[in-house]
Amino acid sequence: MKLDKAFYTREDVIAISKDLLGKYLVTYIDGKLTSGMIVETEAYLGVEDKASHAYGNRKTKRTEPFYKEGGIAYVYMCYGIHYLFNIITNKADIPHAILIRAVDPYDGIDTMLERRKKTKLKPDLTAGPGALSVALGIKANHNETDLSGNDIWVEDRGVVVKMNEIIASPRVGVAYAKEYALKPWRFRIKDNPYTSKAR
DNA sequence: ACGAAGATTGGCT
DNA sequence: GCCAATCTTCGTC
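Quick note on our numbering: the first sequence kicks off at 619 and runs consecutively.
None of these hints come from the bench; they were simulated from the model. Incorrect hints may have been included.
[Unchecked claim] Just the calculated beta-carbon pair ranges, DEER-fashion:
1. Pro811 <-> Asp774: 16 to 24 Å
2. Asp809 <-> Arg734: 18 to 26 Å
3. Lys709 <-> Val790: 24 to 32 Å
4. Ala624 <-> Tyr685: 14 to 22 Å
5. Lys740 <-> Asp711: 37 to 45 Å
6. Lys636 <-> Asp711: 33 to 41 Å
7. Asn675 <-> Pro788: 30 to 38 Å
8. Ile699 <-> Asp648: 17 to 25 Å
9. Lys738 <-> Lys808: 20 to 28 Å
10. Asp622 <-> Val778: 13 to 21 Å
11. Lys636 <-> Tyr724: 14 to 22 Å
12. Lys668 <-> Lys738: 38 to 46 Å
13. Ala799 <-> Tyr724: 26 to 34 Å
C-beta atoms are modelled at their ideal positions from N, C-alpha and C, and glycine is treated no differently.
Please model the entire structure based on the sequences and the hints provided.
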């Protein structure tokens, strides 16, 4: 069943990041249903987190979604090429976000292969935030999409991920964030082949 | 196999 | 201008 608003508006973004592991990210875009089980997430703690776009309550056009109530998508372009899909959490004006880094393909694998211009199902189909967005058809116009709508949502399909199957590690690509670069706010499911390269 | 570089937009120093 | 929450391609070993 679809996760409701109450799931996203909780205050503990780290707990939500862990809870999202094993849930299914589903999109219905361009008339095609695609989905995958979330296997890797990263928490961004907003105001106090130097790696976050919303560090220090930074407010720009780009960061506007951060200040809305949890349960919407934040899609932004990185390196001018890739769209990264994030979920905004917590209440309005508290800029927490969770980056979805990898999913394990489930529904609509043919569609995902087509979008990624691949012919064979390999672990790189949806490993990595940029690849995942392409596979699921997520683009810039999906920024601020309400996750209780019918375009993008997250479902609980009864998969249980045990605590000892969750690996916490430092985030990548955020060395500039000083002490926050080392915080173990990246979560993945142990031994899942779709998590992006181990570090 | 692995490492280096390129693509390209937005926001900050 | 420069750098970023990245991925792919190309060159070399």
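Taking the hints in turn, this is what the structure says about them:
In this structure, Pro811 and Asp774 meet the distance hint of 16 to 24 Å, their C-beta atoms being roughly 23 Å apart. Hint check: Asp809 to Arg734, Cβ distance near 23 Å, so the stated range 18 to 26 Å holds. Taken as a hint, the range 24 to 32 Å holds for the pair Lys709 and Val790, whose Cβ atoms sit roughly 29 Å apart. Look at Ala624 against Tyr685: about 19 Å separates their beta carbons, and that is inside 14 to 22 Å.
At roughly 42 Å, the beta-carbon separation of Lys740 and Asp711 lies within the given 37 to 45 Å, and the hint holds. For the pair Lys636 and Asp711, the beta carbons lie near 24 Å from each other, so the given range of 33 to 41 Å is not met. At about 24 Å, the beta-carbon gap between Asn675 and Pro788 misses the expected band of 30 to 38 Å. Distance hint check for Ile699 and Asp648: the Cβ-Cβ separation is about 21 Å, which falls inside the suggested range of 17 to 25 Å.
Distance hint for Lys738 and Lys808: a CB-CB separation of about 25 Å, consistent with the stated range 20 to 28 Å. Distance hint check for Asp622 and Val778: the Cβ-Cβ separation is about 19 Å, which falls inside the suggested range of 13 to 21 Å. At roughly 20 Å, the beta-carbon separation of Lys636 and Tyr724 lies within the given 14 to 22 Å, and the hint holds. Hint check: Lys668 to Lys738, Cβ distance near 40 Å, so the stated range 38 to 46 Å holds.
In this structure the hint that Ala799 and Tyr724 lie 26 to 34 Å apart at CB holds, the actual value being about 33 Å.
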